[in-house]
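Asker: Once you have looked at the hints, place chain B on chain R.
Protein chains: 2
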Amino acid sequence: MESFKILEIRQSVFASNDEEAAKLRAELKEKGVFLLNLMSSPGSGKTTTLTRTIEALKDEMKIGVMEADIDSDVDARTISAAGAKAIQLHTGGMCHLDAGMTRQGLEGLGTGDVELAILENVGNLVCPAEFDTGAVKNAMILSVPEGHDKPLKYPLMFQVCDVVLVNKMDVLPYFNFDLEKCTEYVKMRNPKAQVIPICAATGEGMDAWYGWLRREVRAWRGEETKKENGHE
Amino acid sequence: MESFKILEIRQSVFASNDEEAAKLRAELKEKGVFLLNLMSSPGSGKTTTLTRTIEALKDEMKIGVMEADIDSDVDARTISAAGAKAIQLHTGGMCHLDAGMTRQGLEGLGTGDVELAILENVGNLVCPAEFDTGAVKNAMILSVPEGHDKPLKYPLMFQVCDVVLVNKMDVLPYFNFDLEKCTEYVKMRNPKAQVIPICAATGEGMDAWYGWLRREVRAWRGEETKKENGHE
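Line order of the protein sequences matches chains R and B.
Everything in the first sequence is counted per the numbering used here, starting at 806 for the first residue and increasing by one.
Everything in the second sequence is counted per the numbering used here, starting at 806 for the first residue and increasing by one.
Hint data in this document are derived by calculation from the structure and do not stem from the laboratory.
In this text, a Cβ means the ideal position worked out from N, Cα and C, and glycines have one as well.
Some hints here could point you the wrong way.
Distance windows between CB atoms, simulated [to be verified]: (1) R:Gly1016 <-> B:Glu865: 54 to 64 angstroms; (2) R:Glu935 <-> B:Tyr1015: 30 to 40 angstroms; (3) R:Asp983 <-> B:Glu813: 27 to 37 angstroms; (4) B:Lys986 <-> R:Phe819: 33 to 43 angstroms.
Isolated chain R (complex conformation) (with noise of 0.2 angstroms):
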């Protein structure tokens, strides 16, 4: 049975999003929860993406799933059925979520037994980006129909995340999509940046954002990273 609640979302009343944010993150690292906040635009796979790794992690960790949106449940019910712990945070119209938000958020999910938080956020290359919602890391997706121009267009998105996961990697060929150039494009906005092509639909290259995820969930708690070969 799908079991989740729906959150109405108040604006947040902190002078500071940035204080607010670090705070919030402080507090993640003392109870050992990793929140990932996860952005991109309408309709590139959030929530296909989420489904399939909350499949393949839930036994390792426990998931919890935060679905930011305007109006609908369809999110949270589609996560709920996947075996995360979900919720649905209707934000009333916001384009975004802060820090404050995103921390009504985790108390209204629950985050006692929660090892990993997947905040998912409005579908939106602008707002979501310039707001720290006190995430540990930031992930993005970009989906090849979308076109390999797009960390031209939306700097700042693509500044601010640590790992970008270019999705629908299986109709490339129906494409004008380089991914040799949107990488570069990715790396003269945050040479930092991971760039990882997956297609949530087929499986394809998702171990790849799996063992990214594992290993940032670890670090932050603390855990030493198992050797995936079995030689430790």
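Answerer: Leaving out everything else, chain B in the frame of chain R:
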């Protein structure tokens, strides 16, 4: 030779955007300028659709295009090369344009000889929907890879649009996109909205879009619509 200028847009100072928008619309009526506000997600094909539209209609009417973008000038370059008067508007990180900002753009563009002015809004399904730009009609592009559920998730955008172009119809076989459902969801938000399936890259369905635009421009300018078959 391409020729366009770049204008840095300042934040508006007007207390009521709705009033300012109504005032701008009245002025445009007086001048016989039809202003179209074109919105969409990043990468849905706004610029390609516009390029095609300019090529098809530029001998019938004088077209001017305002390319709103956060930082780059790639779109104004493309549009100018297609044969329209173009100006690039830099929004300085802002995620939308309101009526005051649109007025600055129109002044920068110069509307003396323009019959059809098009504002290519910032790629974003949330914020642009909240601000009346003063446009006569709102159009949006939803591309097939984004999914048919977008009217459920971005209600206001579909509510304010007079016409929805469903773009990239050529890749329909590769995506889980149901045009009938999409149309149903659009009508749920706005029963009067027209849905026109197109492929800007191949030209499929574009005649229906040109027909819509031609009729709207002529009606606004008080011109009689010529019968397409020549029996007048």
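Asker: Kindly indicate which numbered hints from before are broken by the structure, ordering the numbers from low to high.
Answerer: none
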